[in-house]
Amino acid sequence: MMKIYIDSNYPRPVLKILEDVHNLQKQKKYEIERWEDNEINENDLKDSIFLVVDFQKKGISIPIIKQSEEGYKTIVCRVMDEKIDRFEFAMTVLRVWPHIIEKSDSKDKLFSFNYGGKKLRGVKIKNE
Numbered sequence: 553m554m555k556i557y558i559d560s561n562y563p564r565p566v567l568k569i570l571e572d573v574h575n576l577q578k579q580k581k582y583e584i585e586r587w588e589d590n591e592i593n594e595n596d597l598k599d600s601i602f603l604v605v606d607f608q609k610k611g612i613s614i615p616i617i618k619q620s621e622e623g624y625k626t627i628v629c630r631v632m633d634e635k636i637d638r639f640e641f642a643m644t645v646l647r648v649w650p651h652i653i654e655k656s657d658s659k660d661k662l663f664s665f666n667y668g669g670k671k672l673r674g675v676k677i678k679n680e
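To get the numbering used here, take the position in the sequence shown, counting from 1, and add 552.
Hints are computed from structural coordinates only; laboratory data are not their basis.
Treat the hints with care, as some may be off.
[Stated by the list, open to error] Capping the alpha-carbon separation at 20 Å, the derived lysine to aspartate or glutamate pairs in EDC-like fashion look like this:
hint : residue 1 : residue 2
1    : Lys610    : Glu634
2    : Lys661    : Asp596
3    : Lys578    : Glu654
4    : Lys609    : Glu654
5    : Lys618    : Asp559
6    : Lys671    : Asp633
7    : Lys609    : Asp637
8    : Lys555    : Asp660
9    : Lys659    : Glu571
10   : Lys676    : Glu622
[Said to hold, decoys possible] Quick list of the computed label-pair ranges, beta carbon to beta carbon:
hint : residue 1 : residue 2 : range
11   : Lys670    : Val573    : 14 to 20 Å
12   : Ser658    : Asp572    : 23 to 29 Å
13   : Lys598    : His574    : 17 to 23 Å
Computed from a prediction, not measured in an experiment: that's the story for all the values here.
Glycine included, each C-beta is placed from N, C-alpha and C at the ideal position.
The task is simple: from the sequences and hints, build the whole structure.
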């Protein structure tokens with residue numbers, strides 16, 4: 553079963569909606585969990601996705617890139633403004649959710665979508 557760990561910056565009602573949707577699965581393929589510095593078992597890494605919020609104005613923040621380089625499959629919601637409308641945030645996540653599920657089997661490790669957006673994009677990490 554794939555675990556989807558959701559950053560504590562995601563509003564709790566959004567987490568609840570996603571949990572409720574995935575509780576409708578006949579065969580449980582995905583499990584939603586709130587991620588707040590939880591210890592993740594090394595064996596669970598390959599079968600997990602981490603959803604995080606990034607407030608960096610340009611590009612993706614270094615800690616998130618490092619997380620991806622360490623093998624965490626990471627999906628970043630890029631927020632350009634610190635004021636988030638919780639309804640719009642929920643609608644954004646619900647719009648991209650089918651794409652997140654689709655990419656869960658991808659070998660790529662880093663994807664992003666913009667707050668208010670509709671598309672999930674793969675992110676290439678520049679090697680220095």
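- request: Tell me, in ascending order, the numbers of any earlier hints that this structure violates.
  value: 4, 9
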